[in-house]
Amino acid sequence: MKEQEFQPDYNNILKVLYNQRPDYLPLYEHNIDEPFIAKFLGQDVDSTGKTGKDLDEHYRIVCNFWKDNTYDAMSYEAKICEIYPDHGAILGGRLGPIQTREDFNAYPWDDIPRIFKEAYKPHLDSLRKMMPAGMKAYGGCGYGIFESAEDLVGYESLCMMQYLDPDLFRDLFLKIGDLYEVLWRWVLDNYADLFVFCRMGDDLGYRTSTMLEPDTIRQHILPQHKRVIDIVHSYGKKFLLHSCGNIFGIMDDILANGIDAKHSNEDQIAPFTEWIEKYNDRIGLFGGFDMNEIILNPYDVVYEKVLREGTQFRNMAKGYGLGSGNSIPDYMAVEGYTAMIDAVKEIRRREKNQ
Amino acid sequence: METNLNQLYDAILAGKLEDAVSVTNQAIAESVAPQTIINDYMVKAMEEIGARFEAGKAYVPNLLMSARAMKGALDILKPLIGGDNKVTIGKLCIGTVFGDLHDIGKNLVASMFEGCGFEVINLGVNVTADKFVETVKNEKVDILCMSALLTTTMNYMKTVIDALKEAGLRDQVKVMVGGAPVNEKFAMEIGADAYTDNANAAVVAAKKLMGIN
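Each protein sequence line maps, in turn, to chains U and F. For the first sequence, the numbering used here begins at 12 and goes up steadily by one. For the second sequence, the numbering used here begins at 2 and goes up steadily by one.
Just so you know, not all the hints are guaranteed correct.
[Claimed, not checked] So, partial list: chain F residues that the calculated Cβ filter (under 7 Å) puts toward chain U:
no.: 1; residue: Ala15
no.: 2; residue: Val61
no.: 3; residue: Phe99
no.: 4; residue: Ile122
no.: 5; residue: Asn123
no.: 6; residue: Asn127
no.: 7; residue: Asn156
no.: 8; residue: Glu185
no.: 9; residue: Met189
[Said to hold, decoys possible] Dumping the calculated DMTMM-like pairs for lysine to aspartate or glutamate here, alpha-carbon to alpha-carbon at most 20 Å:
no.: 10; chain 1: F; residue 1: Lys58; chain 2: U; residue 2: Asp263
no.: 11; chain 1: U; residue 1: Lys140; chain 2: U; residue 2: Glu68
no.: 12; chain 1: F; residue 1: Lys186; chain 2: U; residue 2: Asp278
no.: 13; chain 1: F; residue 1: Lys58; chain 2: U; residue 2: Glu224
no.: 14; chain 1: F; residue 1: Lys209; chain 2: F; residue 2: Asp198
no.: 15; chain 1: F; residue 1: Lys17; chain 2: U; residue 2: Asp178
In case anyone wonders, no lab produced these hints; they're calculated from the structure. Glycine included, C-beta positions come from ideal geometry on N, C-alpha and C.
Make a model of the complete structure from these sequences and hints.
So this is what it looks like as structure tokens:
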């Protein structure tokens, strides 16, 4: 029998943000890289330099990729770090443009909102135009408060700045918070209808601990998170935090900030069941499947694992959306990704037939 | 007044460069043997901060500040050490493997190695098997350390080990691996000598491989 065409319903995935059980198991990814979509579809998918009808066609292809793979909503972020003048330190190997108070004072902060709008307005307009019926985007402004500081300073310099120039360290985070407020308000003033919920990604941890001391994160980073969360809520939107790494030490503080859901998990840090047991009474959860498992294993292994554990997570959790623990990068195996999608379809089919 | 070298230990542990340099200069003026200053106070302070890090009682910024203080004091002592006295306890090279540009974790491990008395050749990121082999051959390193963040690039670690075998150098160097997707099982499968999941454990493992207690 021919498979019935999937009709996306963004209200289904939105239930996860209310920590309610969605009608059917929703799929979620933090991001799916364009080169992966190109590999999957066997055609060129690259928005670089595209405008007008070419950009519309690009987003038609991308939106349909998400829809055809049975997502209720798709990720879109206007990536703040990518438009910072002289950015790139977040990738490592170089210092960022701000190392001293003089650098901080001279940095063209006031130009960034204009650069941001010029860079992303065409994309947001095009995405809105091409969004399929029943679908919306989730995201908003890409990159988090800490990630912005990493990009502008460099991780190692940032670590030492808090001791060598604590006033600059404090002022940097306040300034980034001010900037985020302007950018997030612009996105929501102009494109709130495009987003089913909002998300900020800010990787605060690594395998064994947090990137900075927990007290430093509490004092300088989480208050700026709270500003973004409060803005998002003031527009009537729910807020999802994506944050990689071992952040259990600050999770209570993150929850106190008022997030509605959390994404990102790695098996080497904790099994996903631990996230459900610890936090699903208070927030919705997304993810569940370590990227490495999907990349390294053949179709059958991934399919069986997602079918078995996806069913378990769905039964254990209230609000839950299934996906990789991180994102789908260009080097993701197509067969592993396809196996995950197929297993979710099977979970939905079994539930429907019960 | 005689220098209290415990202040040097405390300065490095607290990551205070100026204090570490000041106490070291005083100790030199009082003719305290450099090896005593290094081995009995500086290295011990780095071991302590490493242990606290591994126990979750110290964080990356603390490690970096301690390593900075250690390096500042060590720079003063290095010119004073001659003859058969070695200022380092071993020589190693470290790099992120070909195809991978991530270096934050690798640099942190390199800083800890330096802080704990190793001479470190940091080869950077995107390092080819040829470069690793050339370094082992020309620099006579005791340990080769490889890092990878990506699931796809970690397989290149085996390529490097195979290249060492082909060049007839595998028996002359120990190989350590680390990085987010790497684990003990993978390390053993590709023929590495050790895997560690954090900077302090890497130092402990390196010392063990070299037979240092």
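To see whether the hints hold, each was checked on the structure:
Violation of the interface hint for Ala15/F is found here, the shortest Cβ-Cβ separation to chain U being roughly 10 Å, above the 7 Å cut-off. Of the supplied interface hints, the one on Val61/F holds, with its beta-carbon coming within about 6 Å of a beta-carbon of chain U, less than 7 Å. Hint status for Phe99/F: violated, given a least beta-carbon distance of 14 Å to chain U, over 7 Å. Given hint, Ile122/F at the interface with chain U, is violated; its Cβ is 17 Å from that chain's nearest Cβ, farther than 7 Å.
The closest approach between the C-beta of Asn123/F and any C-beta of chain U is roughly 11 Å, which is over the 7 Å cut-off, so the hint fails. For Asn127/F, the shortest C-beta to C-beta distance to chain U is roughly 9 Å, which exceeds 7 Å, and the interface hint is violated. Checking Asn156/F against chain U by beta carbon gives a least distance of about 10 Å; that is not within 7 Å, so the hint is violated. Interface hint at Glu185/F: violated, since its Cβ lies 11 Å from the closest Cβ of chain U, which is beyond the 7 Å cut-off.
Residue-level restraint check for Met189/F is violated (minimum Cβ-Cβ distance to chain U is 16 Å; threshold 7 Å). Among the hinted pairs, Lys58/F with Asp263/U is consistent with the structure: their alpha-carbon atoms are about 19 Å apart, no more than 20 Å. Of the supplied pair hints, the one linking Lys140/U and Glu68/U holds, its CA atoms being roughly 10 Å apart against a limit of 20 Å. Annotation: proposed proximity of Lys186/F to Asp278/U holds, straight-line Cα distance about 15 Å (limit 20 Å).
Proximity of Lys58/F to Glu224/U is assessed by CA-CA distance (about 9 Å); at most 20 Å being required, the pair is judged to hold. Simply put, Lys209/F and Asp198/F have alpha-carbon atoms about 16 Å apart, close enough for the 20 Å limit, and the pair holds. For a cut-off of 20 Å, the pair hint linking Lys17/F to Asp178/U stands: about 18 Å separates their Cα positions.
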